Structure formats: structure tokens, C-alpha cells
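With chain R fixed as given, assemble chain B onto it according to the hints.
There are 2 protein chains.
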Amino acid sequence: MKRYEKLANQLSELIARGDLPAGARIPSVRAACKAWGVSAATVFRAYYLLENRGLIKALPRSGYFVSEAAKEAMRQTAHSSPREAASNSVNISDLVFKVLHTIKQAETIALGSAFVDPALLPTARVGKSCAAVNRSTDLSTMVAGLPPGHDGLRRQISLRYLMAGLAVPIDEIIITSGALEALTLSLQLLTSPGDVIVIEKPTFYAALQAIQRLGLKVVEIPVDPVEGHDLTALALALEQHPVRACWFMTSFHNPTGVTLDDSRKEALVDLLAKHDVPLIEDDVYSELHFGPTPVRPAKFFDRKGLVIHCGSFAKCLAPGYRIGWAAGGRFAGALERAKWMTTLSASVPAQRAIADYLEHGGFDRFLHKLRSQLSLQQSQMLDAISRYFPADTMATRAAGGYFTWVTLPDHIDSIRLFLAALENGISVAPGPVFSADGAFRQRVRLNYGYPWSARLERAVATLGALCADESRCATALAGPVRVR
Amino acid sequence: MKRYEKLANQLSELIARGDLPAGARIPSVRAACKAWGVSAATVFRAYYLLENRGLIKALPRSGYFVSEAAKEAMRQTAHSSPREAASNSVNISDLVFKVLHTIKQAETIALGSAFVDPALLPTARVGKSCAAVNRSTDLSTMVAGLPPGHDGLRRQISLRYLMAGLAVPIDEIIITSGALEALTLSLQLLTSPGDVIVIEKPTFYAALQAIQRLGLKVVEIPVDPVEGHDLTALALALEQHPVRACWFMTSFHNPTGVTLDDSRKEALVDLLAKHDVPLIEDDVYSELHFGPTPVRPAKFFDRKGLVIHCGSFAKCLAPGYRIGWAAGGRFAGALERAKWMTTLSASVPAQRAIADYLEHGGFDRFLHKLRSQLSLQQSQMLDAISRYFPADTMATRAAGGYFTWVTLPDHIDSIRLFLAALENGISVAPGPVFSADGAFRQRVRLNYGYPWSARLERAVATLGALCADESRCATALAGPVRVR
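Note that the protein sequences, when read in sequence, are chains R and B. Using the working numbering, the first residue of the first sequence is number 17, and each one after it goes up by one. Using the working numbering, the first residue of the second sequence is number 17, and each one after it goes up by one.
Next up, chain R with everything else stripped away, as it sits in the complex (with noise of 0.2 Å):
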């Protein structure tokens, strides 16, 4: 065990005793630190896994206490159709619409966007193979294009997976439009009304969104920004519930970009197979890692074909085609059904273009370049985190894709944030749109896929100004925060 998972159990044991009942305040950051003998990491770390398993509560230009909820957050419960759990005077759901709306404002600098910056993406070739292949078309390209989809494409997914070390037979791949209806179609089929499923927290908002729609229970299960999943717990939520299936982001988690390392992904996968759970794995930005090699998906360690891997070629070439795929395991068969039954094809044009593209396009030559460009841009972004927010600021540094997960000081709210730095032209992804019921409201995800000028150099100065306006962005305002 960790110091900081050790730290963080010693003090969830004091709270379950009552030594520390609610309301009581648990030493500052620093404090801790001196009288602990650890770092400051340390400290964030632990404190970070108890607010996650919503035990403490950091209050304003106060510090951290324990929960009024804490003997209820100690025993876990699956809580229904997340919408509903949230108790929060924000409307999660609306602040998600608000910040996926900056994205058509050109303006707005978009430091909250998912995507990287198109112009780093091969458009103009991606153009060229859709314009060279789709100029005749007949039909049996439309007949080709039907689930599972395009043989050259699937063919192409296939030998990337090989190029990772994983042999994935073509049969498994079904092509969808984007990995998020290879995600949704996969807990449709896996799931009925009223089932629990496990996800993470934080988590990405579509799976939220998604789990409120099909009316299913979840259990949420803490990512730790370093190490990743917390196996503990979901051993636990597995023995406690009725779990039908995982959906977690196993390698660059969006939004913590935190990446599970081999032997935790083999824990991982172990677990569920002992207890017959399938996971959906979320590997959109798989193609992003920055190490000179392939990170291995969980699916990698898979034995029982209960792994269905979702990708995509829309965060490393080609947004607005929405292709993308599932390796659906021993669900394969019923995901073609699936897909058959809910949008017939993904778009034929588009799946023909990027199977062109793969063949003859350079991808592995783009690749290769986008990579160390994104490892670049990172670099600056933390540097300029590093110089331009608070002191006690603290930001992720992943592996692979262009997230770092931000946490701010104690006092600042990162939806008054992403409210005043919108005043200012710049968007960001506050803490709250990756949970259901409001948390993380003291972090914030930043996109670093845009390269470096002086323009971005002036928004992170701006961001870092406006924390340190407890005017605009300090926790302690009255009234509630209005979104709309």
C-alpha cells in the first residue's frame, strides 16, 4: 500500500470509530505535512481519495472537515440515475451543454475543449482520400458499409492492434459512428433498467449522461490522479452488488489523464473475471502516448473475451468523420445485432475515406510527429500552470493525450472560474461536469492539444489572475451560481 492510500485509511478509520465525527476539522495541507513527515503530495493525495469516497470537505478559506455525510459515505450504495442523486444547486447537466457549446464559439480560446487542435490533424490528406474514393460508389460499397462495416477498415483497427502487441481477429470489430456509440450501444446491451453498473469518478460527463438515460444504479469508484483506479473499492462494490458492467478509461483517463500500469491492469482484469463482470474500455486517445511505445489497453491481459474495447479515430485524425469502433470480445456478435437495430451503418463515405486514408495516408508518420508535438505542448502548459496560477496549485503530467487535471487552492470554485474566465474568452472544464453530484468543484481540466503562442501564454495568465481574485472566483460568494 501507498503512504498516501495509508494515510487516507488511518483517517477513515478515526471517522468510522467517531473520533472524527462530522464537522470536525482535520489538519491544513501543510500542517499535515510537518506533522506527518510527508510531502505535500502526499497529503493532497490522500485527502484527494477522501473527498472522492466523500468522506472530508474542503471549506472555504477554512480547510478540510469531515462530511455531515461521512457515516453514510462509509457504507457504499449504489445510488440511481445520477441526474437525480445530484444535490448540488447546479445544474451538472447544463454547465456540461455550456462547456461543449464554447466549442463552436471560434473566438474562445478552448483550454475546456475535448478535441486537439484540427490544424495539427492531417485534414487536407483525410480530404483527399474521402474525395479519391467516394467519387464512384454503387451498390455494394453500400452494402459494405453495413454492421459490422468496411472489411479494409476493420482490417486496418486490426493491424494497429497488432502493431500493440494484441491479436483481435477482424470478426470482433464492429465499426460505429464514434467511439461513443461503440461506448452507449455496449452498456444498451449489457444492461436493463434499474441494473447497477460501476464507472469512475471523476468520469467523462457522456457516461453519466448515458447512464441517466437508460435508468441504470452506480457505484463510482475513485480514480486516483497518480495510480489510477482504485481496485480496492471496486473489489468491494463488486462483492456488495449485482454489478452487470465497468466503464472505465484505463490509459489516459479523461479528465485525470492518468494511465493504470500493466500489473494493475492485469489486477484489474482479473477481478472482473472472477467475478464474470464485463468492462467497456474507454481507449479514445490510445494513439496519443508519448513513451516510444504502445500503452497496452486492458483488453491486452483479457482471457474470457469479457473486454470490449472502444476506439476511435476522432481524437487522432479525423473529428468530424465520427468513425469509430468497438472490439467487442465475446459480445461482438450481439453488438453487430445492436448495431443493426439502432443506426444501421456508420456513414459509408467516411468509413471508405479513413480506410483509404490508413492504407495510404501516412498515419504512423503523423503519428509519430503529433506525439512529440503534444509531449511539447504539455511541457509548456504546466510550465506556464507553474508560473502563472497560486502556489498550491497542483496539475497532472500524464503520459499520452493533451488533459492536465488541475487542482486549485482551497478557496477557489471552478465554476465562478469558468464563468469569469467565458467573460474573458477563454474556456475551461470545471470539476463538476465529471460527477454526478457536483464534486470537484476546486479543479478544473485544461487541453494543452493546442500549440504553444502567446495567446494561450496570455489565457493561463488570465486564469492564474483570476484565482487570485477572490472577488471572482472565491468559494465563499453568497448565492447560489446560475449557469443558464
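Each hint should be verified, as a subset may be incorrect.
No copy labels: a pair is met if it fits in one copy or bridges any two.
[Claimed, not checked] Derived pair list, reagent style EDC-like, types lysine to aspartate or glutamate, alpha-carbon separation capped at 20 Å: (1) 73 x 21; (2) 73 x 240; (3) 22 x 67; (4) 120 x 167; (5) 120 x 187; (6) 114 x 187; (7) 290 x 255; (8) 22 x 243; (9) 120 x 154.
Calculated directly from the structure, the hints in this document are not laboratory data. Keep in mind it's a predicted model, so treat the numbers as computed, not measured.
Okay, now just chain B, sitting in the frame of chain R:
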């Protein structure tokens, strides 16, 4: 009230009073014609209605009998998840899948297909548009495709509404991945698991699948092949159940081909408005009217914004492109959100291609030709059916689209016919795929979307011969039917 409705109601009363107990034989069609001095068509339609209501049943080569469950069926109830409700030995879902899969078999004569012959469509011209507009692509084109969708495409759709006499503002139109996504998204938006919705019987099988996925309860409203939806039954359902939405095809209904006339459409809209119940209107065949002017959708009569009108280019222009839309009425904003959260945007290359074609490709000129071609093919198909099928076969003549709904003689089982036909390289759509409970076993849907040929002529002749061959298709054959 029409003659056949009177006749059906008279028989219903006899059954309700117990004068005709369960198991009692009712007059054969021929006997009834003589006895009551009405045409065979009137008796057929009366019996059709009674069968739809679950009051009578056809038994192999014996005639019609009052069903065992008649008493219960008099009290109309909402049943849950159609798949569970199916008491039939055939797995309807397997059957649907088998029918769908025949599309992929190039050698099969696709009388069971839901598509028009792609050779009749201007695929080369659309491909030219696709190539021309997608050669160059950048951030702005990607962003322009995000919900609610490509502006130029939405403008063209709004213009087409205008030509049909409807003023639908662009703001109301959301582009989707085919009409199927527009329909299921609307259903998701309007309901929660356990809610009651009203559908048609017979209905489009994707509606049944969506209902099952979403855990909804359904009330089925009979659709008469001549008059359309039974509005009396609908009024009763609205009185008795907390109905959250209706999903209807009001023009060129699939599978029957029937179109509600204007006065009945208006009555439908008024009835729903009285109860404040939204209508999801599936109108994917709207462009394929045989008459000189477009047929008005129910949305034309909507004054409260309660109708979500769903259309598509998949049936009349470009099947593989997967471009459809919803004109969302008062739900347009919520639908746009739902689209963001489920599959993000529809494929951008396809949106741009269709928009360009609609503006420059001569869609109206093409449609003019297609409509007369389909009308001709309808006559050829109906003529062939009358020549080759048994004498007491009835086939509907729709005012548009490319389906005829064929009622076979009493002793024919359409699932056996489907299987026997497949062995002969011919697909048909057997009646049971259009209901949750395996009804319509004496009916098949035939497609006349392919230009008439000696090959088609032979196929219809083969079907006719199979119907006459009792060893192949008779209901009386022992043992369950195996579909897989």
C-alpha cells in the same frame, strides 16, 4: 363509421356478451359475404381488425375462431417490454436479424428489403458532390457539422418542407445519423424506463427493438390497411393510460403502405393535443408520393409544437450516407442537447455531400422520375401477385413508397414461406417481424423498389407456387419453426 367497423363491432359485442364464447367458430369469409350481403374486402377488414384486437384467430384450414384470450383482450392493457410479452415459439428478434441480413446477400432477390434498388438512385451524382466538397476540410467545416448540424443542409431541408406547405424554421431541424437515430433519440428524450407509449400494430421492427432497450411499456393501436390508425382505440388508450408519447408512421406506413388522409391526420393531432401527448412522426417515405403533390404529414396540423417530424435521405437518395433529421417542435432544444450527448455530430463529409447535392444536383427532377418508376413497379408487382398467388390473396395498393402488405390465404404460414423462399434465393419480410407477439403469420411485406424483370417475375411465381404447396408453407405442419 365504416361498414367493416360496424361489422367488427357487432362481432365484438357478441364476444363481450359471451354469445360467442372462446373457441366458437365464426363464419368463413365466403359465408360471411353471403350472409351479411357485404363484399369479401369488408369481411377481410373486419376480421383483420378483430384479429389485431386479439379477439379472433385463424386456425389452419379450419377458419376463424374466437380466441381463448378474447375476454382479456377486451380490457386493453399496456404490456411491458415486447420481447418478454412474446408468447410465440419463434424468437422475433432472430427473425428480424435474419431478414436484415439478406440485404448483404447479393444473390438473393430482395423482396424482403426495406430499401429501394440503389441503381435507381443518383449515386454517381451524389458521389461527385461528396468528392467535390470534401477535398478541402478544416476546423470550421468540422465545427459547422456539430449539432444541430450543417447550416446549408438544414436550410435545404427547410425549403423542402416549404414545398410541402409547411413552414418549419431552420432552428427546429437537427441533423441525425439517419431517421432511425432521430426516432430513438426522440423516444429516449420523452420517456423514462417503465413509461407507457403508444405504437402501431403492425409496426416498424426497429420501434419494437428501441422499446425493449429502453424498458418501456406499450399499448398497440391497430392500423387498418385502408383507413390507417384506429383513432377510437387511440382515444381509449389515452383515457386509460398515462401515455408519454406516440410513435406513428402516418404516410406510406411500413409495412401496410396505408396513408391517413388529411382529416384523420388532423383528428389525430387534435386528440393528442387534448391530452398533451407528443407524436414522434416517422415520415421517411414522404418524398415517394405517387400523386402530383406531396402528402401532408401530421405535423402540418400541429399548433402546439407537439409533433417531432423525422425524415431521411436514406430511402430516396443516399442509403449509406446515414443522413436524417428531426424537426423537433417544442422539443428541438432538448433534442439538440441529446444529440450532443449521444453520438455528437452526424458524419460531416456526408452532411456536406448531401447539402451540396440538394443545392446543385437536381433532386426534384430525379424524384419526379423515381416516383413514376415506383408507381409503375407497383402495378407490375400487384399484377404479378394477382396472377401467381392463390385466389384469396389480398395485397394493398399504397399511394407511395415501395411496399405492399399481402394477406395470404388462411392456411399459409408466412414464416414457413419466408424460410422456403430463402432456400429459393428470395427474401420476403414475414408478418411476425412487425409485431411484438408474433401476430400476422398470414401476412408478408413485399418490396417493389426494383425495376421489373423476368427474374422478379420468376420470383413472384415461385412464391405463388410455394403458397400452393401445402407441404412447404401450411400452418398445419407439426413442430415448431426453427429460425436460426
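Hints, verified against the model:
1. 73 x 21: Classified as within: same-chain Cα gap 18 Å, cross-chain 68 Å, threshold 20 Å.
2. 73 x 240: Result: close within a single copy only, 17 Å intra versus 63 Å inter.
3. 22 x 67: within (15 Å within a copy, 70 Å between copies)
4. 120 x 167: between (34 Å within a copy, 13 Å between copies)
5. 120 x 187: between (38 Å within a copy, 16 Å between copies)
6. 114 x 187: Between copies, since 18 Å is at most 20 Å while 40 Å is not.
7. 290 x 255: Answer is within: at 11 Å inside a copy they meet the 20 Å cutoff, but 50 Å across does not.
8. 22 x 243: Within one copy, since 14 Å is at most 20 Å while 73 Å is not.
9. 120 x 154: Answer is between; shortest inter-copy Cα gap is 14 Å, intra-copy 35 Å.
Violation of the numbered hints given earlier is absent; every hint is satisfied by the structure.
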